[in-house]
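Take the two lone chains, each set in its own frame, and fit them into one complex as the hints suggest.
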Amino acid sequence: MDDNQNPKQKSAPQVRADKGEKPMGQPQWADSLRNLYDSVVDEPIPDSFKDLLEQLDEPDKKKSGKDGGDA
Amino acid sequence: MSSQPAPAADPVEFKRELTAVVPHLRAFARGLCGRPDMADDLVQETLMKAWAAQERFEPGTSMRAWTFVILRNAYLTDMRRNRFRGEYDENVAERILTAPAGQEEPIHLSDMHRALLTLPPERREALLLVGAGGFSYEEAANICGCAVGTIKSRVGRARATLNAMLADGDIPRRSIDDDTAHRAILEELDDVAAGNGLAEPTNGRT
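Residue numbers (the working numbering), protein chains in the order written: chain V, 1 to 71; chain L, 72 to 277.
With the rest of the complex left out, here is chain L (with noise of 0.2 Å):
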């Protein structure tokens, strides 16, 4: 996508900025896809992208938001073909969330958890960004290629439901796994994938 011949990177550089994203990536597939071990491998494939992809990055612009366009459309494709289904491991979020020590927590993380995925994958990830990766709506539009009214409205709508669900205590268990919900969830992918207008840094591997 980049037609401008970028200034070279610094190999050494990039990688040590790659790494240093490593946990926001991690922190960021989990939340999009919820289970801890394919959001690794989803870092893991993202990485590898990112690497062959370097004369791409653009030296002193965000490694972070780059390197989330590579993941989240590595998530995309990954979802469309089915290896992902937003499914939600009680045993391991069980064991991984446990709230910070000494702050009281009024929501459990793993409901938290749970109300996340249960959320449309675009309504999902523009919360992630903004409300927990803290991209500005900005950022946030660039990373998922949309107009930045559409996040706001996206994130707008996440909160809604998330202030409805976590104050009834009414988190459905089970909505992501039937299949109604997943062939809606897959055209609500096709939408989301269709807005992938701005930067794509990879894409050849489709």
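The following block holds chain V by itself, in its conformation from the complex (with noise of 0.2 Å):
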């Protein structure tokens, strides 16, 4: 993502993984476990959401009913 950036990652010592380790010193999972978490941002977002998004107004016309209220 954007703000990826973690100081103390790179400076703090890395318990080393013999899977393979990062030339900062991150283990090969840090990397995985951020794509794991992109890779569902990255999903298109499923029509109920969509939906749920639109209905959240709708209580509220529904109940003032009329226009400027703005209780």
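Hints may contain errors.
A short, non-exhaustive set of chain V residues, derived as facing chain L with CB atoms under 8 Å [what the hints assert, rightly or not]:
no., residue
1, PRO27
2, ALA30
3, ARG34
4, ASN35
5, TYR37
6, SER39
7, VAL40
8, ILE45
9, PRO46
The hints are simulated quantities; they were obtained by calculation from the structure and are not laboratory data. We put the CB at the ideal spot given by N, CA and C, even for glycine.
Next up, the structure:
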């Protein structure tokens, strides 16, 4: 993502994993973890969410009925 | 919790920001609870709670952090009601966790996910926030309502566990399913929930 920088990770000596170590001293899985997260972030948002978001204001409108009610 | 009258948030702007964080909420939720369908339910619940609590959001602050607190609280509540057990659905995961193309990926994302789900919840969330979500330790501490040092230690322990697990290829398969482990998780959840000091945007539902 945009702000992945984590200064602490760079300075802290990392336990090494046999599976491979990044030049920066981060274990290889650190990338996998981010990829895991990012792979979901990059998924298209299901319609159910769009529907929900659209419905969010509706109860308001129904409740107040008239315009200009800023409660 | 917020006592000072916040400057009234513009509902349109609020909704725009809320919409923008949905992908992040889904990613965080899926990391927390493993099952995509349950994760999405959790996000829907979060969106409704966030909407209902919108006057408590301070414009200009991080919508992502604010909604993560709500999602986290909803997750903890649901966990204690036994709705989620950190279950891992192998088939769904296989389908969804395809590694980005063209990239050498020595650790399969599905292994990564499985390993992540074996962590105790409070370490898992700490690692997710810092290692995946890109939050600073301070931000993560605010989200979890605990001290910065606590977050650092949780992340450190999570890292050590994953280092060992992924290095050995020794990822427990069902450790979160058995009863002992489940009880342990619930006990830890109580601890985690007890640390809910700071921000607690919505709590009215329980």
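Tested hints:
no.: 1; hint: PRO27; verdict: 6 Å, holds
no.: 2; hint: ALA30; verdict: 6 Å, holds
no.: 3; hint: ARG34; verdict: 5 Å, holds
no.: 4; hint: ASN35; verdict: 6 Å, holds
no.: 5; hint: TYR37; verdict: 4 Å, holds
no.: 6; hint: SER39; verdict: 7 Å, holds
no.: 7; hint: VAL40; verdict: 4 Å, holds
no.: 8; hint: ILE45; verdict: 6 Å, holds
no.: 9; hint: PRO46; verdict: 7 Å, holds
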